[in-house]
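Visitor: Chain by chain, the residues run as shown.
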Amino acid sequence: MKAIELEELIAERPAKKVYRSGDMAVKVFNEGYSKADVLNEALNQARVEETGLPIPKILEVTKIDGKWSIVTQFIKGKTLAQLMEENPQKLNEYMNRFVDIQLMMHSKKAPLLNKLRDKMNRKISESGLDATTRYELHTRLESMPKHTKICHGDFNPSNIIVGDDGVDYIIDWSHATQGNASADTARTYLLFCLAGEPGKAEMYLNLFCKKSDTARQYVQQWLPIVAASQLVKGNPQEREFLLRWTNVIDYE
Amino acid sequence: MENKRIIIDGVDKLRLALDRVREAQKTFATYTQEQVDKIFLAAASAANKARIPLAKMAVEETGMGVVEDKVIKNHYASEYIYNAYKNTKTCGVIEEDKEFGIKKIAEPVGVIAAVIPTTNPTSTAIFKILLALKTRNGIIISPHPRAKNCTIEASRIVLEAAVKAGAPEGIVDWIDVPSLEMTNMIMREADIILATGGPGMVKAAYSSGKPAIGVGPGNTPAIIDSSADILLAVNSIIHSKTFDNGMICASEQAAIVLDDIYDKVKDEFKKRGCYFLNEKEIEKVRKTIIINGALNAKIVGQPAHKIAELAGVKVPETTKILIGEVESVELTEEFAHEKLSPVLAMYRAKTFAEALDKAEKLVEDGGYGHTASVYLNVVTEKDKLNQFTERMKTCRILVNTPSSFGGIGDLYNFKLAPSLTLGCGSWGGNSVSDNVGVKHLLNIKTVAERRENMLWFRTPEKVYIKRGCLPVALDELKNVLGKKKVFIVTDTFLYENGFTKVVTDKLDEMGITHTTFYDVAPDPTLDSAKKGASAMHSFRPDCIIALGGGSAMDAAKIMWVLYEHPEADFMDMAMRFADIRKRVYTFPRMGEKAYFIAIPTSAGTGSEVTPFAVITDEKTGIKYPLADYELMPDMAIVDPNLMMEMPKGLTAASGIDAMTHALEAYASMLATDYTDALALKALKIIFEYLPRAYANGANDPDAREKMANASTIAGMAFANAFLGVCHSMAHKLGAFFHLPHGIANALLINEVIKFNATDTPTKMGTFPQYDHPHAIARYAEIADYLGLGGKNEKEKVENLIKKIEDLKEKVGIKKNIKEYGIDEKDFLSKLDEMAEQAFDDQCTGANPRYPLMSEIREMYLKAYHGK
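Here the protein sequences come in this chain order: A and B. Residue 158 in the numbering used here sits at position 163 of the first sequence, and the numbers go up by one each step. Residue 328 in the numbering used here sits at position 326 of the second sequence, and the numbers go up by one each step.
Please note that the accuracy of each hint is not assured.
[Stated by the list, open to error] Computed list of lysine-lysine pairs in DSS-like fashion (alpha-carbon distance at most 27 angstroms, straight line):
(1) B:Lys487 with B:Lys464
(2) A:Lys228 with B:Lys487
(3) A:Lys110 with B:Lys487
(4) A:Lys195 with B:Lys289
(5) A:Lys206 with B:Lys363
(6) B:Lys286 with B:Lys273
(7) A:Lys118 with B:Lys300
(8) B:Lys308 with B:Lys322
[Claimed, not checked] Chain A residues, not near chain B, derived (Cβ > 12 angstroms throughout):
(9) Leu38
(10) Lys85
(11) Asp95
(12) Lys118
(13) Tyr164
(14) Lys205
Please keep in mind that the hints were generated in silico from the structure rather than gathered at the bench. All C-beta atoms in this analysis are idealised placements derived from N, C-alpha and C, irrespective of residue type, glycine included.
Could you build all of it, start to finish, from the sequences and the hints given here?
Guide: Here it is as structure tokens:
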């Protein structure tokens, strides 16, 4: 097999860079990045691939210049986020499309994926919140219905590529788990809010609840939990906002 | 003792603690009521004494609520609970009824896992521990991390006092460093869970796999009706809503006020220091109290002015309640939620119906099963109260009562059990719907000793016998009973042959008006009975005389019912029952219009002394057996003079019928010493005199008289002991192939005796008196009484069967069903249906051997071919 040439840098994150290499995309992780996390991400994506969802296929997991890298198909096209920005008059249409893709994803199952509940329990413990709030959040999580739907964990318009082939691809599966779809929805809602787009957040949640026949309160019950999990990222400008969302109490 | 305790801060130590509590509980389970009551008193007293320091600790630690109100809660949890249960028996035998052989024994459940909420961290702990001690249970407390110190201190105080009074050491324990993991562990390991807290905790309790008594959230609406005492209503709500800064789950969350008194109510609220938020302020408070549909932890149990401050609203520091006048009762309205603070929603309702709609929705929003409250005039507005009671899906419905105090019981109503754990029923996903108390923490063993059914002996109040007794007995109609109009029921043959003349002559002589209905055929039909009843309705008799064989007497009984109770549904009366004392249908009272006299003209059916009647629906061919003691004739006149001219065939068939009555009544599970004597005597007479009566007819009046008596005596036996599967099968055989009833019985009886006479039946009948299969011994007793001989029971039964065969032969009964001209193919094609119907016949229930349908089929087949 010929060596992979990293032609064009398409995205850069603190811990990784994404390059294009012909019809492949190469995600190169920084040196010192957990091998287990890299392999887990590749494994997650491979499991989701098996469900038949339109996602870039894993081609290879390899080391490039001593750095762990995941090689996938490269999808030509624009992200839904770009399209929303370029055509604001079509926001409604795009948001509908966005919700439809998410609902389609939630209809799939991948029984070997990690469990959302385990992940959330871990995140609550690591959130740095005081013992009382953690106890409340753990209790809240414990009481939520246990499902086994595919949850993306970072489902936002920048992770949808509207392919030139007419197919909408879902990318970035590093946070994928299986669990309650409303948690995934709450997470998306939170991401809109954190991006300073409360209007889109409302639009999104209303559409989701309508299309999936879900009560708004049911999604809302997850908000303190996803907010706590976001606290783990330790982003100082988000902190006060997230603390307000987590400091709630169950009725008695 | 505290120094012996290990601090429980992880699952390993918790596991050890659980073992310790379990050990202590084993000892505690052996304590007497006296020991337990002493411990209960000491524990309650200690908690009571510590009420103020514990209240202070709770407020300081949680930053919620009001010290003085928490003192009341602690006081309540110790004093009221002690008072309510001090005399309650919770150990050993708590109830006994020797007559009925029933005894109830209370046993502890074992180890209780108790989850304590932040809102009542000391009082709930005291409450649960006291209940545990009174019921000899061990208890492990899981405090909330926000209130752990005060909950633990309350537990420690109660435990120390209990141990000092003799309780086993370590009977109460607690988690020192709470975590959900440990809470879940005690819920999994304990024997029962007393969970108080939010829906999350309650759900966790219910999903732990252990029985849980959990309670859920409340969202109490309070309707103030136009008829309400406004002063009382408003001040009750203020009193209740401000109590411990609104932290009682039964506390009012919304006042729904009727339009015509709205302004007055509002003025009263204002006058008493409540603050009405303006539109802008409402919006600010909305965003403060609820975040993403969940309650903001910062406002719980805070005073009104502090919540206002958090929302950026300026109100006087003395403000009692923040009131938001809002319209929507949907969850999108923040004020429609439970608020656990002195914040109240107020709604305007144009009508009481609208108020009910709103209250119903608020309960649905978040208080299913908890509490609802109404203020109205209970004297003039009973109807409204009923509507309210009917509509609210809550387990506590409080009237003119502050709901915080009202819901927990014994403060504003003294029959509502005091409790700090309020069951919300299935509406709230709970296993209990009442206020939780000691009874929920006991296993009650019921010791039920075997008892026998009461039996009875019932027969007509008057039975007249001997030849020529008829006209003498009828004298009573005038002289004793004062009857004026007699309706005679008989069959065409008897009427045309002048059998009724002896009756009508006597009636004419006494000047009693009468009429005769004679359109009765063998196997009387419902149609004929209806015709007779209609004639009765126009004639309006005060006495009915049935004269004839079984058909006329049965038809007359049905007419009697239709005459007395034209409204009664015949199908209901014909409904099959397993036990005549437990039947679903209550048979109507008979004899209010007419006195019933039965005069048999054949010796066999016994209908003159039985509570039975069989009628056929001519449209469907279905026979309906009716049975109820209401159908028992008032008087039976057994005059052999009416039987002298019986033809041979009738003499044989009815005589054999009487024999099977006596045989089945003797073998029946319901047989008693009373019926036994009658059955044996009847059999002895029949074996001796039936051949004579058959052979000699009217020339042997003694034999006729003996058979007349035997028939009535056998009737008395089976009127009380009932029959068996021979009659079940005979009923269906007769109906399917038009065989006379007596003949059908004669063809089947020996197969039934063989079937019953075994010590190892496939299934024996179910009746407490029938303690082991012993039909063979019963038949042997008959053989002995008849002097048939035999070395053992088996031989005796064989001799009995032979004796019956001989008798049948002597009176001209053929050997088997086939000989009566019934085609084999036809018989086989109907066999299965006939067997199933016979199985379901009313007579089957008394048979000593419970027959399988296949066994009935087998007996039919054997009887078909005979030997």
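Visitor: Does each hint fit the structure? Answer for all of them.
Guide: Status of each hint after checking the structure:
no.	hint	verdict
1	B:Lys487 with B:Lys464	holds, 20 angstroms
2	A:Lys228 with B:Lys487	violated, 103 angstroms
3	A:Lys110 with B:Lys487	violated, 90 angstroms
4	A:Lys195 with B:Lys289	holds, 20 angstroms
5	A:Lys206 with B:Lys363	holds, 25 angstroms
6	B:Lys286 with B:Lys273	holds, 24 angstroms
7	A:Lys118 with B:Lys300	holds, 23 angstroms
8	B:Lys308 with B:Lys322	holds, 11 angstroms
9	Leu38	holds, 28 angstroms
10	Lys85	holds, 29 angstroms
11	Asp95	holds, 25 angstroms
12	Lys118	holds, 14 angstroms
13	Tyr164	holds, 31 angstroms
14	Lys205	holds, 14 angstroms
Violated hints for the displayed structure, listed by number in ascending order: 2 and 3.
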